[in-house]
Amino acid sequence: MSTTIVYPNATEFDQLIAGDKPVLVDFWAEWCMPCRMLGPVIEQIGEEYSDKVAVAKVNVDEQPALAARYNIQSIPTVIIFNNGNIVDTQIGMHPADVYTRILDTII
Amino acid sequence: MGNRTDIAIIGGGPAGLSAAVNAIARGKSVQLMSAAGNNLEKSENVDNYLGFYKISGTELMNKFEEHAAALGVSAMKGRVSNIMPLGDHFLINFGGEISESTTVILAIGVAKARQIPGEADLLGRGVSYCATCDGMLYRGKKAAVWGMAQDAIEETNFLHGIGVDVTLIARGSRPSELKADIPFISGAVGEIIGEDRVAAVTVGQNTIEVDGVFILRSSIAPSSLVPGLETQDGYIKVTNRMETNIPGLFAAGDCTGTPLQISKATGEGLIAAQQAAKYIDAYQSKLL
Ligand SMILES: Cc1cc2nc3c(=O)[nH]c(=O)nc-3n(C[C@H](O)[C@H](O)[C@H](O)COP(=O)(O)OP(=O)(O)OC[C@H]3O[C@@H](n4cnc5c(N)ncnc54)[C@H](O)[C@@H]3O)c2cc1C
Chain W
1178 MSTTIVYPNA TEFDQLIAGD KPVLVDFWAE WCMPCRMLGP VIEQIGEEYS DKVAVAKVNV
1238 DEQPALAARY NIQSIPTVII FNNGNIVDTQ IGMHPADVYT RILDTII
Chain C
43 MGNRTDIAII GGGPAGLSAA VNAIARGKSV QLMSAAGNNL EKSENVDNYL GFYKISGTEL
103 MNKFEEHAAA LGVSAMKGRV SNIMPLGDHF LINFGGEISE STTVILAIGV AKARQIPGEA
163 DLLGRGVSYC ATCDGMLYRG KKAAVWGMAQ DAIEETNFLH GIGVDVTLIA RGSRPSELKA
223 DIPFISGAVG EIIGEDRVAA VTVGQNTIEV DGVFILRSSI APSSLVPGLE TQDGYIKVTN
283 RMETNIPGLF AAGDCTGTPL QISKATGEGL IAAQQAAKYI DAYQSKLL
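From first to last, the protein sequence lines stand for chains W and C.
To get this note's numbering, take the position in the first sequence, counting from 1, and add 1177.
To get this note's numbering, take the position in the second sequence, counting from 1, and add 42.
Derived by calculation from the structure, the hints in this document are not laboratory data.
Please read these numbers as outputs of a predicted model, since none were measured by experiment.
Just so you know, even glycine gets a beta-carbon here, dropped at the ideal spot from N, CA and C.
Anything over 10 Å on all C-beta distances counts as not near chain W; from chain C, calculated:
1. G69
2. K84
3. V88
4. L92
5. Y95
6. E161
7. D193
8. E197
9. F226
10. S260
11. K320
Now the in silico label distances, taken between C-beta atoms and shown as ranges:
12. V1264(W) with R181(C): 26 to 32 Å
13. N104(C) with V1264(W): 51 to 57 Å
14. W1208(W) with N104(C): 34 to 40 Å
15. Y1184(W) with F200(C): 26 to 32 Å
16. A263(C) with D1191(W): 34 to 40 Å
17. F226(C) with D1238(W): 26 to 32 Å
18. G137(C) with Q1192(W): 36 to 42 Å
19. N104(C) with K1229(W): 56 to 62 Å
20. S261(C) with Y1247(W): 28 to 34 Å
21. D1191(W) with G232(C): 39 to 45 Å
If we strip away everything but chain C, and leave its shape as in the complex, we get (with noise of 0.2 Å):
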């Protein structure tokens, strides 16, 4: 498999920003992997980050990004949707390439996904994740695609080209890229309904009967993101120093808890990168 990095940084954020810049200062390879948007660009006027007094959150971003960039660091731009530990290294799913890190830091900012009715009770039983993962396990039967996310439109072609009859679900009215011969439903999904598999899901009034729904949020659960990794309340849970309950593998920044601010992302992003680096430091003299 490819080259292995030091530290593989995920979410390019100031907290992801942060971490990236303080790794480099380590002397350590990074990686940093970003999907598009964050917070901090929402935001209209800063008025508490310390230095840039009425500062706007795209110019703030762009600093961070100029800063990042000065010391060789920019994201690629993509969405990470899985992480697998495996003792000493971590395996990551980035748009469907496996990559390789020591250690890796999550700054994935805050997930604001409800979950649907049904749908942890039915999940791998019908409602799935990934359409390129169990996309081939519908060909020749009816699945969902209920998405808010970018790449919902290229899934449920991706499913209808590979022979599901496959009807797309979303908010709005009916997207351009969407190949002419897909049905497309406006509206969200209200409920998940099966017994031990999924028979059909609602939307609005409406019951549609299917074997299958895939749900395609723009983000996801930290613990659906790494098997194992312990949250509370929809945080990652960490130590002082930024530690997950996995060796090896850091958080920083809104994902790890409230202030959800920027200063605390910054902040945490520069302990995590730091601790990630005492960590190969440790761990490259053990093999000596």
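If we strip away everything but chain W, and leave its shape as in the complex, we get (with noise of 0.2 Å):
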């Protein structure tokens, strides 16, 4: 496991998206195979943007309370926040140049 991913509960995901970094979430479960195969891209996106965005992980499952919030109907959704609020939500799982793409704007 990759240590530049966090996975906030839900007190500590406010402070992630208050915070000065613009943060990626990756809404996941573990029984979504979907999710297992984007998994390996959000690792890589925290690797490569470790010092300019942080990266967080979501399990629906344990966090149903931030799934509800943000509407999750389907995962994986990744959202992208910036200042607090959100920039982009993309549902299901695309390649690493589509989230990379709203991140390079943001940064």
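Put the complex together from the two separate chains, hints included.
Written as structure tokens, this is what we have:
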């Protein structure tokens, strides 16, 4: 497991998105195949952007309140935050550049 | 994760089998994965495949399969639901197992999937193609499964089992394998209704309120299969070397466009396999 990725609970999550770095959050679950296939992509982004972006994973089974707050109806869903606001939501699995292109516009 | 093969071939029709035979001829390791049924089997009489005048589609298909089997390749039966390009290799979701390959050849035939009004707009907002992926998010909620695919019944039973209030919608009469306490509606989903999330589906004159709808077709659109794959009019965009826009990913046969014919499929299968083999050789020499 990569050390650059954080696994926040609800309180830590609020602190994280209120921070000064953009945050990429991957909503996922253990039983979801596409989520597991997206995993290596998220880890790769976590490593490449480690000093510029906070990369977090939220397990929707363990954090149902967070999943409900963001109305997660399909996983994987990746939400990118900047200054506490949602910049972009990507449903489903996508190649790395779909996420990094968005990140590059806000860092 | 499991063993990584050189070439993963998706689809066991004429294009996929030709690719398999030619990949083996180039000394590459191959995994062939295919759902049941292909177009050639539907053809009563094939009149224009060289060397086999007036052969039936089934007979010709059997010959193709025997040829591949003689070289040690036979298709693992099942459906590939996602392929993830990771730069130097691919992850393939084959019936809930992840396998790895350096290259992939798509030989998936044509998908005759017509989109339902509302489907594209509400995708991920109540519309899902995968019960085992998203099912858990509908526990205690109402959902419908709409599908002609063989696994629609299994997926409906699965959703019921995890506590989703699920209804199966399909043409024809109630399937006997469907668990007794699951409601069944005979018909087709006409429209998916909802503002920013699914609220209901229509079947004929009836409107059924649901929180989610799972659409299970036997064929998956190529662009849903591989994220980032470029298509045009539903066909996969390829170069004359059968390369797609994703490095290491090739396509052959009906899925790349007209003419939808066996000779074209087998020819393209050969090109795709040889090109994939070249790609692997170049990749390996870079690593040395
Ligand atoms: C009635 C009829 C008559 C025809 N007659 C002729 C003729 O006389 N001459 C001629 O040249 N052509 C004829 N054709 C066309 C010919 O059958 C096709 O061109 C040929 O089968 C194309 O081969 P293919 O391998 O590209 O696709 P297909 O044969 O369609 O094979 C695709 C395979 O991929 C599998 N697959 C799809 N998606 C997935 C997935 N996600 N995961 C795993 N597996 C998947 C399918 O189950 C299938 O086995 C006829 C077609 C029909 C329907």
